[in-house]
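Student: Residue numbers (UniProt numbering), protein chains in the order written: chain A, 1 to 685; chain B, 1 to 685.
Worth flagging that the hints you see were computed from the coordinates, not collected in a lab. Careful: at least some of the hints might be erroneous.
No distinction is drawn between identical chains; accordingly, a pair holds when it is met within one copy or between any pair of copies.
When the alpha-carbon atoms are kept at most 27 Å apart in a straight line, the in silico DSSO-like pairs for lysine-lysine are as follows [stated by the list, open to error]:
no., residue 1, residue 2
1, Lys129, Lys140
2, Lys100, Lys498
3, Lys129, Lys384
4, Lys384, Lys564
5, Lys140, Lys509
6, Lys492, Lys100
Because the structure is a prediction, the values reported are computed rather than measured.
Number of protein chains: 2
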Amino acid sequence: MEEDQSPGLGLAGETPGLKHGNGVGDSPEDPAGSAGDGISSLEKPLLKRSNTLTSSHLAMVGAKVSHIESLDYEIIENDLFKHDWRSRSNVEVLQYIFLKWSLAFLVGLLTGVIASLINLAIENISGLKMLHMVHLVREKRYWAGFFYFSGFNFVLTFIAAVLCVVFAPTAAGPGIPEIKAYLNGVDTPNMFGAPQLIVKIIGSICAVSSGLDLGKEGPLVHIGACLANLLSQGGSGRFRLRWRWLRYFNNDRDRRDLITCGASSGVCAAFRSPVGGVLFALEEVATWWRSALLWRTFFSTATVVVVLRGFIEVCRGGRCGLFGEGGLIIFDVSDVTVRYRLGDLLLVTLVGVIGGVLGALYNHVLHMVLRLYNLINDKGRMAKLALALAVCVFTSAGLYVLPFAVPCTPCDPAFGAACPATGRSGNFKQFNCPAGQYNDLATLLHATNVDATRNIFSTGTPGEFRLDSLLIFFAIYEIILDLKGLPFLEPKPEPWMKDLTVGELAAAKPRTISLQVVEKVSTVLEVLRNTGHNGFPVVDRPRPGLSELHGLVLRSHLVAVLRKRWFLLEKRRTEEWEARERFSSVELADKNCKIDGLELTPEELEMYIDLHPFTNTTPYTVVETMSVAKAVVLFRSVALRHMLIMPKYQGPEISPLVGILTRQDLRAHNILGAFPHLAKKSKTH
Amino acid sequence: MEEDQSPGLGLAGETPGLKHGNGVGDSPEDPAGSAGDGISSLEKPLLKRSNTLTSSHLAMVGAKVSHIESLDYEIIENDLFKHDWRSRSNVEVLQYIFLKWSLAFLVGLLTGVIASLINLAIENISGLKMLHMVHLVREKRYWAGFFYFSGFNFVLTFIAAVLCVVFAPTAAGPGIPEIKAYLNGVDTPNMFGAPQLIVKIIGSICAVSSGLDLGKEGPLVHIGACLANLLSQGGSGRFRLRWRWLRYFNNDRDRRDLITCGASSGVCAAFRSPVGGVLFALEEVATWWRSALLWRTFFSTATVVVVLRGFIEVCRGGRCGLFGEGGLIIFDVSDVTVRYRLGDLLLVTLVGVIGGVLGALYNHVLHMVLRLYNLINDKGRMAKLALALAVCVFTSAGLYVLPFAVPCTPCDPAFGAACPATGRSGNFKQFNCPAGQYNDLATLLHATNVDATRNIFSTGTPGEFRLDSLLIFFAIYEIILDLKGLPFLEPKPEPWMKDLTVGELAAAKPRTISLQVVEKVSTVLEVLRNTGHNGFPVVDRPRPGLSELHGLVLRSHLVAVLRKRWFLLEKRRTEEWEARERFSSVELADKNCKIDGLELTPEELEMYIDLHPFTNTTPYTVVETMSVAKAVVLFRSVALRHMLIMPKYQGPEISPLVGILTRQDLRAHNILGAFPHLAKKSKTH
């Protein structure tokens, strides 16, 4: 091995296309161009390429523009991992399994309890508000009623908005797009922490109680995911539990599994459907779903249902304030068995079609509203706050004034003299009408989210599956995902992806930066400073004419080595115990990638780092001639973060690596930016 | 390229470990052994190996020992496929999508109709039988009753048994293990054809009507799968529809998708649970599940539910003989809303635990009974028939005689003088008891599968999900799958698989046989005659020192080339149009691999075949250092049939291929046969 290789300068006999240094400013070369004229015609790309495959690492997380990264779901099979694995005893394996199921149970339990408490709070707060408002209206003190109603809503909205804007901007919005993206493999920072959990709980209570037109479904799913994340980490920040067992969960893979349980529990709590919760999880993480996860998710959602039922029994006796049998809402409506005939299905289908058309329209309007909101959000915190309060005042005025515009309806004589509306029981709202009549619009508008609450608190069969609501709930979010710029990998590759090879795609990227298996400290530092990549291919040339793609090393591991100053005086391969002595698996699981404060002496910069113990020697590889369509399926099926491209031909002058592809490179939108003619082809095909 | 390469003899400079010919009798060599002493120590395997990785290609399909093969779910990206793909117009793509959904609908429709008809037939046949038997008993003609009852059952069993034994041995048994194996990627021959469908329909009607202790669930799932398979092929054998559109479905991938819909429809028909059907599919094909399939499966199962409901409405008026409102069974029991309190859950949990213990016991007994049956099955057809009839006589005697042993129970006075049992309505069986009393055992035993029928014909919410019955139905079949020798790939790799690399595994196999990209006809013929492999790696050496793993060619494609005698006089690469002119995509989708009658002249044997147009140039590859655990996950996730192992080091003297692994090689049982110390290690760990 050459001792004096300088960065950015390939030596004679060096593998082409694989040079050290940051590569910025190098002119792009055909990676296999020097492999000889004999084969160059076979390798000539079918498509003209423009060297502009770029990607953005910014996306809207909640209401905050954040730097996003991919998650590592792949097992990093390096020496240290292998040793850690071999040294695990059977007892430790059992501990791990026990912990997995216990955490799944805890996630279900806590989601159920919090969902129940949120409902209780909402029903009591908005119930109190309604009772007093109706009282004022019946005394014909209309203006007092209006100011009381609007003021109450204003205060609630103010609390919710301030919490979101000041403490946790990522908690704004439904949270579902971010959860979908996370389960798809995109790390969304500051999304599932303790501040988000607390803000989401208080915020959703205040916002729903204030009469804003939003449901508890989204927040509940987000709350479940937050709970799961916090449990997997043993808590948040300073209050983190430093329990030894939890080290098993210090990886993206197990954390994602638990967050899947959490999100499903949230869906289950929102729709009171354990199967629905599992189906949500399935739909979202379908491509790398495992049967084991199915049963664990079911365990979580079943726990949620048991907890919800427990709360119903407690509240049945009227021990929950305005909520319960004698409360403002009538639950158990689903006790009535719905009978339907075959002919009804036609009607239902018609309603479905109309719903679909309206849904498309809604999507269109949503799109525009979101763009408008985005403009306002750009103006800063105060603008956001003002927007929320403006919407609140507008909604309050509408809710209060509109019922005055409709005529009163006489009560059904079957009920006797008066509708069962006065006071606490019954849900016919008399509002401004004389006795014996009711205001139907007030009945509709002044209900305290009966529908959502009935969903969560009725006692029909717990296995019931509300396909319609679930569909509407999850379909109307795809749009937001795209608008937010979250790099979601679609399950199905685009048809035109069959016409492009991964080799062509890799060639459209800036040069791949790779490291030697025993590398100079200065080179490593330079590479880390000049690029933001999270994985670097490691190549080796044990002797002239013999080359090897040794594997892939993670940025976080390089940073760990630099911080510990684990440097070698001469260029040599270390023994296995040397690295094991200095690096624990817990340390290496840490994802801290900051090297800002790092100062190295000129002597240290001349030393070497042995990457053998840290390199994942079995990254997933594909041949450069594979179509992008096939590669995307592999990428998503095995949940990859990096995919290495190998050359088709192997020979002494050919580099063992063509390039590296990541999630961003495989997104249809980014590819079309570099190969615009593919888009045309797909349209005029 | 050398012109005179003789089979079985590697030339100087030939890639080691990759010789032509069948390889039988060659002594195994370290595939990279000749790569130089400089690296041999790095490559030395960690584990001692014994060269005995063997696998069986025989398994029990139904009651017949059959030769099994793996399915090709991978897209074979060869030149011909690529051209076929590029030449598809948008209209054809739309046709394909339309057809996919139409077939999913048809599968649901037909499954629903057949399930309804089976139920109708069973209820009427066994109803008639019961009515007359009860009549004889009440006239105290006990012996006549016994012979009538046993004789009736005997005839029914005889029909079912003869059908199974003579016409379709693969239709014997529940069929679920074979469906599980098929969806896992194992082709089970003669399993989903027209004879199986017909035998299964008539057989299950006869067997269930004869009072044998078996359900309609298994048969219904099998029937759904048969229907799907037949629809995807446009019919069976001579009666096959040669519709142009159906060519899109002439591949394992689309056929599997449709069979998934069919099996789910069957589950839905058996348990009246569309969600249950989808969950079954999910659990079985989970690893390569796609969201698109979720909705298509749902569409099928929803269709089934609509059809079942239609039949209920028709039968409600009593137009279905003994079946319906005035019939022998009371349906709509689920109209009663089941209310339960939290405390009941403890009791249910207890019942679940007891059920689990009993289930384990049941599995044990089942294991023994199956082994006994297997012994009898080995004796030939007559023994099988005798077994079925003996079980029938034994069951009939038990069903008839046992009720006489219990005392009579007086009817509840609330019902009036007599229990609502006589004639057609009500289900209290008076049997041998005096008026005003009933025989409770007869009430239980002489019901016509009320439970199963209620499942299928009650009108509660169609989304209801019977988790318990589904669980019992599917869990406890795993055993049978194993006993039958079906090579099912478990979703989770064994822990000890992390300690073995794919390179070591490949080295324990007989030498890999590979072909040159332009190969002699005689060599191809010899390879096909001497091996049973279904895929052969294709290597190329465009010039000395430069080697290439060109890809993988399927046995069926080689056979197609030989049959068409598409030979070249000299060793050259053909133009793309030459192959396209001779081979249509429909022909290449044919899986006929027989070369028995093929006679080639000595001149033809000296000619060449160009494999370029047929080679899948992008097979999935892994590096030899990858652990078997990681490779198994990839294999199952992407649904592979062949996985190629690449060398770690690349150089002029190193072969571009280490070996090839298939489903059988990755089964824990087979690996342990070759590496027995791994089993010890996993136990004493």
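Student: How would you label the pair Lys129, Lys384 (within, between, both, or neither) given a Cα cut-off of 27 Å?
Tutor: within (26 Å within a copy, 77 Å between copies)
Student: Check Lys140 against Lys509 for me: Cα-Cα at most 27 Å, and say if that holds within a copy, between copies, both or neither.
Tutor: Answer is neither: 72 Å inside a copy and 92 Å across each miss the 27 Å cutoff.
Student: Checking Lys100 and Lys498: alpha-carbon separation at most 27 Å within a copy, between copies, both or neither?
Tutor: between (40 Å within a copy, 21 Å between copies)
Student: With identical chains treated as interchangeable, where does the CA-CA distance between Lys492 and Lys100 reach 27 Å or less: within a copy, between copies, both, or neither?
Tutor: Cα proximity of Lys492 and Lys100: across copies only (16 Å, versus 31 Å in one copy).
Student: If the cutoff is 27 Å on CA atoms, where do Lys384 and Lys564 land: within, between, both or neither? Let me know, please.
Tutor: For Lys384 and Lys564, the Cα distance exceeds 27 Å both inside one copy (44 Å) and across copies (73 Å).
Student: Should Lys129 paired with Lys140 be assigned to within, between, both, or neither, using CA atoms and 27 Å as the limit?
Tutor: within (17 Å within a copy, 76 Å between copies)
Checked against the numbered hints given earlier, the structure breaks hints 4 and 5 and satisfies all the rest.
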